[in-house]
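Trainee: Top line first, the protein sequences correspond to chains A and B.
Residue 10 in my numbering sits at position 10 of the first sequence, and the numbers go up by one each step.
Residue 171 in my numbering sits at position 171 of the second sequence, and the numbers go up by one each step.
Hints listed in this document are in silico derivations from the structure and should not be mistaken for laboratory results.
All residues carry an ideal CB built from backbone N, CA and C; glycine is no exception.
You may find that some hints are simply not true.
Said to hold, decoys possible - Covered stretches of chain A (in silico footprint by chain B; criterion: 3 or more residues with CB under 8 Å from a CB of chain B, positions within the stretch not fixed):
hint, region
1, 117-125
2, 188-198
Claimed, not checked - Negatives, chain A to chain B, calculated, CB over 10 Å:
hint, residue
3, S7
4, K18
5, L21
6, E23
7, G24
8, P27
9, G29
10, R31
11, T32
12, Q36
13, S38
14, T61
15, R64
16, P73
17, P99
18, S101
2 protein chains.
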Amino acid sequence: MRMAELSAESGVPVPTIKYYLREGLLPQGERTSRTQASYGRDHVRRLRVIRALIDAGVGITGARKVLDTLDDPPPDAPTLLGAAHAAVTPSYDSPVSSPVSAEAEELVERLGLPVATCDQERLADVSRALEILRDAGFEVPPAVMSTYLRSIKDIATAEVADVPAEGSEEAVRYVVLGTALAEPLLLALRRVAQQAATAERFSTGG
Amino acid sequence: MRMAELSAESGVPVPTIKYYLREGLLPQGERTSRTQASYGRDHVRRLRVIRALIDAGVGITGARKVLDTLDDPPPDAPTLLGAAHAAVTPSYDSPVSSPVSAEAEELVERLGLPVATCDQERLADVSRALEILRDAGFEVPPAVMSTYLRSIKDIATAEVADVPAEGSEEAVRYVVLGTALAEPLLLALRRVAQQAATAERFSTGG
Numbered sequence: 001m002r003m004a005e006l007s008a009e010s011g012v013p014v015p016t017i018k019y020y021l022r023e024g025l026l027p028q029g030e031r032t033s034r035t036q037a038s039y040g041r042d043h044v045r046r047l048r049v050i051r052a053l054i055d056a057g058v059g060i061t062g063a064r065k066v067l068d069t070l071d072d073p074p075p076d077a078p079t080l081l082g083a084a085h086a087a088v089t090p091s092y093d094s095p096v097s098s099p100v101s102a103e104a105e106e107l108v109e110r111l112g113l114p115v116a117t118c119d120q121e122r123l124a125d126v127s128r129a130l131e132i133l134r135d136a137g138f139e140v141p142p143a144v145m146s147t148y149l150r151s152i153k154d155i156a157t158a159e160v161a162d163v164p165a166e167g168s169e170e171a172v173r174y175v176v177l178g179t180a181l182a183e184p185l186l187l188a189l190r191r192v193a194q195q196a197a198t199a200e201r202f203s204t205g206g
Numbered sequence: 001m002r003m004a005e006l007s008a009e010s011g012v013p014v015p016t017i018k019y020y021l022r023e024g025l026l027p028q029g030e031r032t033s034r035t036q037a038s039y040g041r042d043h044v045r046r047l048r049v050i051r052a053l054i055d056a057g058v059g060i061t062g063a064r065k066v067l068d069t070l071d072d073p074p075p076d077a078p079t080l081l082g083a084a085h086a087a088v089t090p091s092y093d094s095p096v097s098s099p100v101s102a103e104a105e106e107l108v109e110r111l112g113l114p115v116a117t118c119d120q121e122r123l124a125d126v127s128r129a130l131e132i133l134r135d136a137g138f139e140v141p142p143a144v145m146s147t148y149l150r151s152i153k154d155i156a157t158a159e160v161a162d163v164p165a166e167g168s169e170e171a172v173r174y175v176v177l178g179t180a181l182a183e184p185l186l187l188a189l190r191r192v193a194q195q196a197a198t199a200e201r202f203s204t205g206g
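Isolated chain A, as found in the complex:
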């Protein structure tokens, strides 16, 4: 199909498609003349993935890293997961300067991962997230933190249990896209659940 059809089919405007082509996010079509190229179903699928990543807040740089990982996946599941995480983690303006806190290490251990084997970037993320809370003078109460750990562990266990058989293209898509694209869903569900719990606790009766 031509560029105009690709745009109609994918719902992505032509100038945006041209931008993705220039940025290398979308592979070039097959040249059919000096000024025209032909695009296929793969381009439609790819455009949908790009749009989904951008909508999920990954940004152009993050989208490129996710797509690179999809195109050239690492051979084993743990390495693939690390690459997927790195791809969807925003690179902060300033590197973490402060050392990883003992509290972050404790949380990682409580999630069942020996600190020594935890990906250093992930450990730094946890430490940074705790720092954000502490800087605001906000402490997560111990009972709430225990629920966080137990619930998040349940979520991750269910997610990983469902990864298709190792090495398949399906597994790669699942890990890479599932990691990035499920975040908005989890956060949106949390807010709805908070509204439900608040209504239950503070209902005025009557």
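Mind docking chain B on chain A? Use the hints.
Mentor: Chain B only, in chain A's frame:
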């Protein structure tokens, strides 16, 4: 204290403090001369909250909305929660054009909230998050979705159960800051937990 001490105390550079003062995020200090003002502990605390919000990715506009809610909180808990959610929700470039999906409504009901009473913005968020996944050709398997709902419900229930007695300043801080600032922690914990679960499932033994 003077501006330079406020900077040293809070760790926020003087030009940034001046920017927050101009933007109205930080209240003016008490004038002590034509060119100087004096700042107190409240300013230090406020600066820490601003930094935490910015670090959590809320942005200047979001930070302003959160601070406005802290300064002038709605009287009852459900309204407060709605204001807190609105403050920390990024405003998307394009409004939701598509109608809320039946799937989104079903998830909200499964979280224990009748669709009719669900905040429309939250419902739209869930619908949009599902759309992002669908656009990428990614479907959350039913078993994983059930775990999401159960775990997120547990998290929200624990969070709301721990909100201090209604109406207090502490309750307001808890709801407004806890909603925004715990998100990076939950997402960071999820990745660590995924690494733990992956190591467990795909360990090569030996």
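Trainee: Hint by hint, note whether the structure agrees.
Mentor: Taking the hints in turn, this is what the structure says about them:
Check result for the region 117-125 of chain A against chain B: holds, 6 residues qualifying (beta carbon to beta carbon below 8 Å, three or more required). Using a Cβ-Cβ cut-off of 8 Å, 11 residues of the region 188-198 of chain A lie near chain B, which meets the minimum of three, so the contact claim holds. For S7(A), the requirement that its beta carbon stay farther than 10 Å from each beta carbon of chain B is met, with the minimum near 15 Å. With a minimum CB-CB distance of about 19 Å to chain B, K18(A) clears the 10 Å threshold, and the non-interface call stands.
At the 10 Å boundary, the C-beta of L21(A) stays outside the reach of chain B, the nearest C-beta of that chain being 19 Å off. At the 10 Å boundary, the C-beta of E23(A) stays outside the reach of chain B, the nearest C-beta of that chain being 18 Å off. G24(A), annotated as away from the interface, keeps every beta carbon of chain B farther than 10 Å; the closest lies near 19 Å. Even its closest Cβ contact with chain B, about 17 Å, leaves P27(A) beyond 10 Å, as expected for a residue assigned away from the interface.
Separation of G29(A) from chain B is adequate, the least Cβ-Cβ distance of about 20 Å exceeding the 10 Å criterion. With a closest Cβ-Cβ approach of about 27 Å to chain B, R31(A) is found to remain outside the 10 Å limit, as its non-interface label requires. Taking the minimum C-beta to C-beta distance to chain B, about 27 Å, the non-interface status of T32(A) holds against the 10 Å cut. Non-interface call for Q36(A) relative to chain B: holds, since the shortest CB-CB distance, roughly 27 Å, exceeds 10 Å.
The claim that S38(A) lies off the interface holds: its Cβ sits roughly 22 Å from the closest Cβ of chain B, which is beyond the 10 Å cut-off. At the 10 Å boundary, the C-beta of T61(A) stays outside the reach of chain B, the nearest C-beta of that chain being 15 Å off. Distance check on R64(A): its Cβ is at least 15 Å (rounded) from any Cβ of chain B, clearing the 10 Å threshold; non-interface status holds. With 10 Å as the threshold on Cβ separation, the claim that P73(A) sits away from chain B holds: the shortest Cβ distance comes to roughly 14 Å.
With 10 Å as the threshold on Cβ separation, the claim that P99(A) sits away from chain B holds: the shortest Cβ distance comes to roughly 16 Å. S101(A), annotated as away from the interface, keeps every beta carbon of chain B farther than 10 Å; the closest lies near 12 Å.
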